[in-house]
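Chemist: What follows is the residue order along each chain.
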Amino acid sequence: MIKKINNHPKSLRKIPTHYCAGCGHGLAHRLIAEVVDELGIREKVIAIAPVGCAVVAYDYWDFDCSEAAHGRALAVATAIKRVRPDNIVFTYQGDGDLAAIGTNETIHAANRGENLTVIFINNAVYGMTGGQMAPTTLLQQKTATTPKGRDQKLHGYPLKISEILALLPGVKYIERVSLHSPQEITKAKRAIKQAFTNQIEGLGFSLVEVLSSCPTYWGLSPNQALSWMREVMVKEFPLGRIK
Amino acid sequence: MIEKIIIAGSGGQGIMLAGKILAETAMQEGRAVTWLPAYGPEVRGGTSHCMLIISDQEISSPCVDKADTLIIMNGPSVVKFKGRVKNNGLLIINSSLSSANIKSQAKIVKQPFTDMAIALGNIKVANMIALGCYLANKKIVAAKNLSRVIQKIAPEDKKALIKINQEALEKGLKV
Amino acid sequence: MANKKILISGNEAIAEGALAAGCSFYAGYPITPQNEIIAYMASQMPERGGVFVQAESELAAINMVFGASATGARAMTSSSSPGISLKQEGISYLAGAQLPAVIVNIMRAGPGLGNIWPAQSDYFQATRSGGHGDYHCIVLAFASVQEAYDMMQLAFDLADKYRNPVIILGDGLLGQMMEPIVAKRISPIVYRSNKQKKWALTGCKGRKPNIIRSLYMSQDALEKSNFSLQAKYQKIKKSEERYEGWFLDDAKIILVAHGSMARIAKGAVKALRDKGKRIGLIRPITLWPFPAKIFRQLVMENKKLTFLAVEMSFGQMVEDVRLSVNGKVPVKFFGRSGGAVLTAEEIIREVNKLE
Numbered sequence: 471m472i473k474k475i476n477n478h479p480k481s482l483r484k485i486p487t488h489y490c491a492g493c494g495h496g497l498a499h500r501l502i503a504e505v506v507d508e509l510g511i512r513e514k515v516i517a518i519a520p521v522g523c524a525v526v527a528y529d530y531w532d533f534d535c536s537e538a539a540h541g542r543a544l545a546v547a548t549a550i551k552r553v554r555p556d557n558i559v560f561t562y563q564g565d566g567d568l569a570a571i572g573t574n575e576t577i578h579a580a581n582r583g584e585n586l587t588v589i590f591i592n593n594a595v596y597g598m599t600g601g602q603m604a605p606t607t608l609l610q611q612k613t614a615t616t617p618k619g620r621d622q623k624l625h626g627y628p629l630k631i632s633e634i635l636a637l638l639p640g641v642k643y644i645e646r647v648s649l650h651s652p653q654e655i656t657k658a659k660r661a662i663k664q665a666f667t668n669q670i671e672g673l674g675f676s677l678v679e680v681l682s683s684c685p686t687y688w689g690l691s692p693n694q695a696l697s698w699m700r701e702v703m704v705k706e707f708p709l710g711r712i713k
Numbered sequence: 007m008i009e010k011i012i013i014a015g016s017g018g019q020g021i022m023l024a025g026k027i028l029a030e031t032a033m034q035e036g037r038a039v040t041w042l043p044a045y046g047p048e049v050r051g052g053t054s055h056c057m058l059i060i061s062d063q064e065i066s067s068p069c070v071d072k073a074d075t076l077i078i079m080n081g082p083s084v085v086k087f088k089g090r091v092k093n094n095g096l097l098i099i100n101s102s103l104s105s106a107n108i109k110s111q112a113k114i115v116k117q118p119f120t121d122m123a124i125a126l127g128n129i130k131v132a133n134m135i136a137l138g139c140y141l142a143n144k145k146i147v148a149a150k151n152l153s154r155v156i157q158k159i160a161p162e163d164k165k166a167l168i169k170i171n172q173e174a175l176e177k178g179l180k181v
Numbered sequence: 275m276a277n278k279k280i281l282i283s284g285n286e287a288i289a290e291g292a293l294a295a296g297c298s299f300y301a302g303y304p305i306t307p308q309n310e311i312i313a314y315m316a317s318q319m320p321e322r323g324g325v326f327v328q329a330e331s332e333l334a335a336i337n338m339v340f341g342a343s344a345t346g347a348r349a350m351t352s353s354s355s356p357g358i359s360l361k362q363e364g365i366s367y368l369a370g371a372q373l374p375a376v377i378v379n380i381m382r383a384g385p386g387l388g389n390i391w392p393a394q395s396d397y398f399q400a401t402r403s404g405g406h407g408d409y410h411c412i413v414l415a416f417a418s419v420q421e422a423y424d425m426m427q428l429a430f431d432l433a434d435k436y437r438n439p440v441i442i443l444g445d446g447l448l449g450q451m452m453e454p455i456v457a458k459r460i461s462p463i464v465y466r467s468n469k470q471k472k473w474a475l476t477g478c479k480g481r482k483p484n485i486i487r488s489l490y491m492s493q494d495a496l497e498k499s500n501f502s503l504q505a506k507y508q509k510i511k512k513s514e515e516r517y518e519g520w521f522l523d524d525a526k527i528i529l530v531a532h533g534s535m536a537r538i539a540k541g542a543v544k545a546l547r548d549k550g551k552r553i554g555l556i557r558p559i560t561l562w563p564f565p566a567k568i569f570r571q572l573v574m575e576n577k578k579l580t581f582l583a584v585e586m587s588f589g590q591m592v593e594d595v596r597l598s599v600n601g602k603v604p605v606k607f608f609g610r611s612g613g614a615v616l617t618a619e620e621i622i623r624e625v626n627k628l629e
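Chains as they are written, first to last, in the numbering used here: chain A, 471 to 713; chain B, 7 to 181; chain C, 275 to 629.
Rather than coming from a laboratory, the hints here were simulated on the basis of the structure.
Mixed in with the good hints there might be a few duds.
[Said to hold, decoys possible] Here are the simulated lysine-lysine pairs, PhoX-like style, with alpha carbons at most 25 Å apart:
hint	chain 1	residue 1	chain 2	residue 2
1	B	169	B	109
2	B	145	B	169
3	B	158	C	458
4	B	164	C	279
5	B	92	C	544
Values in this document were obtained by computation on a predicted structure and should not be read as measured data.
Put together the whole structure using the sequences plus the hints.
Modeler: Structure representation (structure tokens):
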């Protein structure tokens, strides 16, 4: 007899996914939905979706959502939380959104110590626009705009935005997690829950950087992508509590 | 009636405040008024000026090209503004900070407002002495109303300065 | 404070008028010549129970307004020309997501950094959808400090009524000058309940989740959404044209000017009328929708009219005058730029050249 140990989260709509095979977004969406259910905050949550592959995150989540212009999620979230401090407000942003076009909004929201939760999906590439270099693209990694691989002389280094943010006194909590194995997924969920709990307790700015796979633009199979994360990506972006 | 005024001096001399107090008084006397500051980057030092218009009719432009009364509080402003008074107008000059020998067809009144303010005990009230001097020459508003406005608009932390400003006004009325 | 006159600058009147209209959120970034608005909001907004944020940029400020408006709050930002250029992205999103908001532009001279002196050269940007996409903001122009105060109530009401961004267009002259105004009783902001704003994000308790979006992935869905925007714009055009007319009955020459130029043009009209000249003035109060009806009506009644558009630019509003009269009578233009403010005397000289 098969025992059902996982129910479909109430906060996640039962619709077919539009994400590529092996993409981490679906998993990350689900972890958030599970945490929202477990904390009993579905009716209080307001989510801000990014511009990027997860732009239609609100098609999956079954709670109030707003879109934001590319990079501006934390400006939108700042205002929502300030006007409605009793709601639980989070942003879901990719590496381009949070660490390139939106760096200014990210740093200043963190520095103001806004009581917000940020789920930062780092897959080291721009997915929606066709696999261009992201601020977090690894050295030597080939993308549509680094056809010979990322060269630090031309493109600079992978941006460690989480480490930068950890320097700011307004920041309460930062952890980097990964979705490459069941054990790591469990840790990821725990970190996401911590980031939401911090907000509920009014502790301030909390961010979880989630390393996530993009087999399509890494040019790998879903399985190879997980191996690449485990063997290469986590060396550049070490896992664990940063602050 | 319409009275167009330019008050010019350096940042920190209370040029804007003098204009606002005069405008506020005229408003309380039921007149139409406009007050327009030069809102350039000069905050301390440099030249600073404001334009005000007092009228018993609706005022169209708040800008003053040629003034009925030009009050000049320092030397650099003499150079910059001396041509901005009407031929039959009134030109009031702070002689403490300007020794220029001005030729103008306007009526010229020169008084050492800054020296008089120092004698009173506060260099900053030169602006109120100048306003008093203006009202002594042109009764555009009642001096007692202006004195009341000084009292009314002083913020809590400046209440102690009301008296010396009112004294400065009185002194200006008597020159 | 009821019915008592206060001496206040245009910028302060805008801020006070917004608070009186129930604005409970302001975000902005300093830029001359509108800094009195942000300073006034910084001191007064928290006192009256609202939220003030000094944003890290104009982009952040307009997107904060987007967020606050998404919750149903009456939200505004203010800036001056270069800063308003930066806000255009956010304004496009507000229009696309059909969120109400008030954006104040106290114009200065451009292009580029230009200078801080008054200008009206952002007319095209404001009235022709300054950002990307097929949209319109309602654009209002005030000509006195009292009108600046009163207009804020109208701006928030129109924004809510049509779920549309409203731009207030003034200039450095109007923002900086002080004039007496009569203000309503100054009272704390009553936090407006969102009961009328069923679309607002408040948490999905007891209802289906709300989504604020301007993204419609399929062509059909976006075209449908754009059709509904266009239907809304038609409705606004039909019902919201506003202008002030002066001596239109017997005028042979009609000046057209908005904002500070209108009050200066009024001085010119007064002086010319005193000399027996048959001259009038139209002051558009809504720049979008442009008050085209009065022009069409006047042209129908009198084929010998001449219009003279007077602007602090090299000719922007004049295009709307020309579109309104559709070639039936001559439309002339007179303007200066770069921060130069036209005088009544200059306008009078120009009028005298017309005959």
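Chemist: Verify the proposed pairing of residue 158 of chain B with residue 458 of chain C, using a straight-line Cα cut of 25 Å.
Modeler: 21 Å, holds
Chemist: Measure nothing beyond the straight line between the CA atoms of residue 92 of chain B and residue 544 of chain C; if it is 25 Å or shorter, mark the hint as holding.
Modeler: OK: residue 92 of chain B and residue 544 of chain C at ~22 Å, within 25 Å.
Chemist: Is the Cα-Cα distance between residue 145 of chain B and residue 169 of chain B 25 Å or less?
Modeler: 22 Å, holds
Chemist: Check whether the Cα positions of residue 169 of chain B and residue 109 of chain B lie no farther apart than 25 Å.
Modeler: Distance of about 37 Å is beyond 25 Å: violated.
Chemist: Quickly compare the C-alpha distance for residue 164 of chain B and residue 279 of chain C to 25 Å and report which way the hint goes.
Modeler: Answer holds: residue 164 of chain B to residue 279 of chain C is near 23 Å, not above 25 Å.
Hint 1 from the list above is the single one not met by this structure.
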